[in-house]
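J.: Sequence:
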Amino acid sequence: MEIARITWARSAMAAAAMLLLAGCGGNQPEPVMEPEPAPAPPPVEEPTPPPREEKPAWVDPNQQYASTLVNIHFDFNKYNIRSEDKPKLEAIGALLKNNADFKLLIEGHCDERGTNEYNMSLGEQRALSTKRYLVSLGVSEGRFTTISYGEERPLDMGQNEAAWAKNRRCQFRVEAPRP
22 MEIARITWAR
32 SAMAAAAMLL
42 LAGCGGNQPE
52 PVMEPEPAPA
62 PPPVEEPTPP
72 PREEKPAWVD
82 PNQQYASTLV
92 NIHFDFNKYN
102 IRSEDKPKLE
112 AIGALLKNNA
122 DFKLLIEGHC
132 DERGTNEYNM
142 SLGEQRALST
152 KRYLVSLGVS
162 EGRFTTISYG
172 EERPLDMGQN
182 EAAWAKNRRC
192 QFRVEAPRP
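Plus 21 on top of the position in the sequence shown (first one is 1) and you've got the numbering used here.
Quick caveat, the hints were computed from the structure, so don't treat them as lab data. Careful: at least some of the hints might be erroneous.
[Unchecked claim] Ranges between beta-carbon positions, derived for each pair:
1) GLN85 with PRO62: 52 to 58 Å
2) GLU105 with GLU133: 35 to 41 Å
3) ASN83 with PRO108: 17 to 23 Å
4) ASN137 with PRO72: 57 to 63 Å
5) VAL156 with GLU105: 17 to 23 Å
[Claimed, not checked] When the alpha-carbon atoms are kept at most 25 Å apart in a straight line, the in silico DSS-like pairs for lysine-lysine are as follows:
6) LYS152 with LYS99
7) LYS152 with LYS187
8) LYS118 with LYS152
9) LYS107 with LYS118
10) LYS152 with LYS107
11) LYS99 with LYS187
12) LYS107 with LYS187
13) LYS109 with LYS187
14) LYS152 with LYS124
15) LYS99 with LYS109
16) LYS152 with LYS109
17) LYS107 with LYS124
18) LYS109 with LYS124
Every residue, glycine too, gets a C-beta built ideally from N, C-alpha and C.
Full structure from sequences and hints, please.
T.: The structure is reproduced here in structure tokens:
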């Protein structure tokens, strides 16, 4: 009996060894292959947007036309346009005719002599006289605004005829819309 047990144990061991060897044998499972990534699509060329129309930088016409917008001057206690100032006004009139959207502020000024009330009135008469001259050149009256500063805004603080002559003036400021 003992031999039968040994034979049976050997047979069982041999079977187990065979099973074990069969599991470790050459039939190994094939490795799982990852699918190859699809090639990247070619880059899409975006259409080039049309060039933007750049707005030109706004230029202050008072700076751009400073050589045209020069002061005119008046004699003591007068508001009539002097002959030497007419070409200056004609240049301003041409500037306004060539720029229909420009409006013009005309500032009347006086020297310090006289009362405040008199100088405010005289400054207004100087501005109005200047406006009438420009209108006579063909510029529409509605494009002007006048103001008198009297003696309040002197260019020269001196107390002599040279200083007073500089202060008896009309100054100009263009009012233009921004694009």
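J.: Hint by hint, note whether the structure agrees.
T.: Verification of the hints:
At about 54 Å, the CB distance of GLN85 to PRO62 agrees with the hint of 52 to 58 Å. A beta carbon spacing of about 24 Å between GLU105 and GLU133 contradicts the range 35 to 41 Å that was offered as a hint. A hinted range of 17 to 23 Å for the beta carbons of ASN83 and PRO108 is consistent with their spacing of about 20 Å. Remark: the range hint 57 to 63 Å for ASN137 to PRO72 is upheld by a beta-carbon distance near 58 Å.
One distance hint, 17 to 23 Å for the beta-carbon pair VAL156 and GLU105, holds here, with the actual separation near 21 Å. A hinted pair counts as satisfied when its Cα atoms are at most 25 Å apart, and LYS152 with LYS99 qualifies at roughly 15 Å. Distance hint between LYS152 and LYS187 is fulfilled; the C-alpha atoms sit about 20 Å from each other, no more than 25 Å. Proximity of LYS118 to LYS152 is assessed by CA-CA distance (about 14 Å); at most 25 Å being required, the pair is judged to hold.
Simply put, LYS107 and LYS118 have alpha-carbon atoms about 16 Å apart, close enough for the 25 Å limit, and the pair holds. Distance hint between LYS152 and LYS107 is fulfilled; the C-alpha atoms sit about 12 Å from each other, no more than 25 Å. Straight-line distance between C-alpha atoms of LYS99 and LYS187 comes to about 14 Å, which keeps the hinted pair within the 25 Å bound. Restraint check for LYS107 and LYS187: satisfied, since their Cα atoms lie roughly 17 Å apart, inside the 25 Å limit.
For the given pair, LYS109 sits about 16 Å from LYS187 by alpha-carbon distance, which is consistent with the 25 Å threshold. Proposed proximity of LYS152 and LYS124 is supported: the alpha carbons are some 12 Å apart, at most 25 Å. A hinted pair counts as satisfied when its Cα atoms are at most 25 Å apart, and LYS99 with LYS109 qualifies at roughly 18 Å. For the hint pairing LYS152 with LYS109, the CA-to-CA distance comes to about 13 Å; that is within 25 Å, so the pair holds.
Between LYS107 and LYS124 the alpha-carbon distance is near 19 Å, which keeps this suggested pair within the 25 Å criterion. Between LYS109 and LYS124 the CA atoms are separated by roughly 17 Å; this keeps the pair inside 25 Å, and the hint holds.
Checked against the numbered hints listed earlier, the structure breaks hint 2 alone; every other hint is satisfied.
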